[in-house]
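Novice: Each chain, written out:
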Amino acid sequence: MTNQVIDRIRDALRVVIDPELGHNIIDLGFVYDISVIDGAVRIVMTATTPGCPAIRFLEEGAANAAARVPGVRSVDIVMTFDPPWTPSRIEPVVRASLGFAAVN
Amino acid sequence: MIGASISRWTMSYFAAALAWLFVALALMVAGLGFPAVHLASPDTLVLVHVVCIGWLSLAMCGALFQFVPVLVARPLFSEKWALPALGLLTAGLVSLLAGFLGLGGRLPAWLWLLPLGAVLLVGGFGLVVVDLGLTAWLRPVGPARFVLVGLASLCATIAFGAMFAFAHAGWAGSIGETILANGVPLHAIGGLGGWLTLTAMGVSYRLLSMFMLSPDVDDRKSNMTLAAGALAIAVAVVGGIVAIWLAFGLNVVLSIAAVLGLATAALYGRDLIGIFSGRKRRQLELNTRMAVLSFVSLAAAAFLGVVLVLTGTFAAHVGAFAFLAVFGWLSGLVLAKLYKIVAFLTWLEAYGPVMGRTPTPRVQDLVAEERASKWFVIYYVAVWLGTLTLVAGQPSAFRAAAAMMTIGLAGIVREVIRTRRLADVAGSLRLPDGACTPCLLCARA
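Going down the list, the protein sequences come from chains A and B. Counting from 1, one number per residue, gives the positions in the first sequence under this note's numbering. Counting from 1001, one number per residue, gives the positions in the second sequence under this note's numbering.
Bear in mind the hints are in silico, worked out from the structure with no lab data behind them. Glycine included, C-beta positions come from ideal geometry on N, C-alpha and C. Check the hints yourself; a few may be wrong.
Taking lysine to aspartate or glutamate and the DMTMM-like style, the derived pairs with C-alpha atoms no more than 20 Å apart in a straight line are [as the list claims (entries may be wrong)]:
#1 B:K1374 <-> B:D1271
#2 B:K1280 <-> A:E91
#3 B:K1280 <-> A:D27
#4 B:K1280 <-> A:D7
Footprint (simulated), chain A over chain B, 3 or more residues, beta carbon under 8 Å [unchecked claim]:
#5 1004-1011
#6 1345-1356
#7 1431-1439
Looking at chain B on its own, in the form it has when it is part of the complex (with noise of 0.2 Å):
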């Protein structure tokens, strides 16, 4: 196959994980969950579940969707396992939110609805592993393989979050008990580091490569990262496992898994210097600047990192710390990568099957650059200045930075929707004959 299909489905997967983004938001601004009560209450799971769930992941898997199949030029093993999926995780973590909610007594206490929860999330997550995972298998060339590295770290992830669903509930024994007095951190190093991070950044190497014309990374440059990346999860998931049965403590554990995951950070930024100083279109566009921006956020993050456990803080600050990583890192590339895929995808949808007949528009002329470029910007200041409020212990003015995001991320979203319909497009290239505006949610069949 030398060229890859339009996914169907990679728009509902992101319309749907920007109205989850807007719920995180949202319970932020009303002061629920960290850092208004602690990390581990049952109004903090909610919202770390919201975002990691229903923000990050589905953004995450609707990409994937579309890009597996590019970077293994394989079509996808089954299209029509997407839709499925999606409607699994979110029944799956709505039931889930539904069973956190019982857990705080801002519901009555089903917890069976955690149980529950967590079968629906292993069968949607279970379709898109086995859907991307039989993709990347067949041909597992550069970045597929850290997508296949994050598909396995997804399943160690909710492999322990099906664990804790079933301890809250009380049906996994004393293991299940165990596991999840301890295993937290394994949970969400795992999910952070493992599914997200690793697959952000092997989606990235070729994204980058794509949109600035740059060669792509060098198989060892690339598989040197990974497997520091690979390890770092393996140390921490197996290892700290290892740690809980043997009652170790899980210092040194996650000790070994801190200085791998630095030595993934630099090496990855050592391939993306590459990357940028390789690439033959000199101008930069809006996507590829704020992609810059989330690299400058992963920078901080570690450093911050490092910072905090020099002075001995780092448990203190370990929210500061993740939502920098979530916001910045994650949240700001996926953002940045959406706002150009949904722009490629709604150039092909509408102008790829009049190509040859007709002129047709550029891809840069259904989106206006300049005035998108404020939202981002108000979106990473925001984020920044809400690092800075939760290492102050400043929760009011946290919801202040809250509001400020929600801002930025309201204008971003403006923006790709201006883009889906077209809006920007002059009119006399807008619909030229046997081209018709895309659906918003969906690419036609």
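The shape of chain A in the complex, shown without the other chains (with noise of 0.2 Å):
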């Protein structure tokens, strides 16, 4: 049941974009993990640059998209920058369409 609801918060979570990369935070290695007990939601994720002015966007559209979700009582968003994010973590048909340096 809990994995469900994880993969439900995860397919929701594609609404929300990078504004720079344009695409969605699932797709691009931001979450790092979710975390779920008793229909509290806790994300863990991150951005490309600490200060970008985009984090607070990102932070409560994450918190919008998951709250959205059947069965979500409350979204504990956790921004973290350790470790930092690289592109290592977007899913290779992204990274290629963003023409990312392959050893990247």
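The two chains are supplied separately, each in an independent frame; assemble them into the complex guided by the hints.
Specialist: What follows is the structure in structure tokens.
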């Protein structure tokens, strides 16, 4: 049951995009962890650049998207830069479409 | 703080700055100021201060109110000071320009307008320096150090400028007269070299790294670049004051500062090559490609400066050198980055609040780069042609180049306004439920 909710949350988070890269935060590998205990959701996520003004909107967007999933009672977003995000976390197909260097 | 807020008044600064740039270009097209008249003439003073305060300083301040918090990952010391500062700077500049026009006989000779303008400008820049300085001082890391040195240079520049304004009005005594007679190069170096160039370098490190996903420049390398630049400014300003005090002349001091300035440009070039070669996004967006043309202009200005010195013609062509540095390097970089910053901030304002509730466009969907690129190319080609006409001593051809720059600028501004209006976003994504078009001239509170 919990795994199903996590899958639904993961799907819901695909509506949240990084405005610069133009792809959703799941495919970009921004979401480090999703845990659910009795409907209380905790999402650990990151962004490309600390201090960027988009971060607050990514946090709020992720919280909004997760809160719309049936069975979710509360959402706690933890924004972290440890470990820092790297393009190696991007889904390979998306990475190719973004024109990223293969070695990175 | 993990993410900075949207600066409410950055767009207002950008709009005012672009309006002043149009004024400057109109003056050049009309043939007012250099090269039609001497560099030190009152008409040229009008033109120079419209460009350096009205255009470049306002654009830089607007960008810094948004990006200093990003650089240091801390909130701005006071968001409330930005608008009063803009008002003081605008009023101060208008007063200063009216004073210069009086000095040249185009208006009644109310020379008290010059010190009044200086006081207002000191007030406006003072608010900016304290606000940004206190923000950056709390966590002076990486590029923020460039901003701090830039702000210190701004203080030196406005101190010289205020002294000149009081001296023109006859209120600064013999010391003021001496500094007015000899200190203009120090004022110009402090403003163009310290305040505008070092700050632009610092901000460019961060913006280029952010938008190309490059690793930040190693602190040891950027510190070396900054040390060379800060030393160049310190030698010029402090050494220059001592030289004026001792009546030695400025040649030795300015030569040392020039060598250090060249070293700074070379080290900056090395750092830029590192950022570009380490980038993870291989495809360059328009703003980065156009920024490259500004870096080329900086290198060309350095080369031109060396050639002019070696041929003993620097004094005769200092106007061409300054023109290339101001319009190719500084203005080119500011326009390229302004194009990107407006799109990015507009996206945050329009679509940030509805993220997670509905599909949203990308930042790239707000701009039409192919259409915009031709305006930038027209602008840069006009600047380079303008530089050649100045070197060749062709004032009429220079006016034609200025007209071409105006056409390029008008095209760029049209693109920026379209971005702000979300005019290029596909219909289905343009205004999803809950999203609204941002205000043209400021961000909503």
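Novice: Hint by hint, say whether it matches the structure.
Specialist: So, going through the hints one by one against the coordinates:
1. B:K1374 <-> B:D1271: Between K1374 (chain B) and D1271 (chain B) the Cα gap is close to 28 Å, so the pair fails against 20 Å, i.e. violated.
2. B:K1280 <-> A:E91: holds (15 Å)
3. B:K1280 <-> A:D27: holds (17 Å)
4. B:K1280 <-> A:D7: It is violated: about 30 Å lies between the C-alpha atoms, which goes past 20 Å.
5. 1004-1011: holds (count 3)
6. 1345-1356: With 8 residues closer than 8 Å to chain A, the region 1345-1356 of chain B meets the three-residue bar; holds.
7. 1431-1439: violated (count 0)
Hint violations for this structure: numbers 1, 4 and 7, all remaining hints satisfied.
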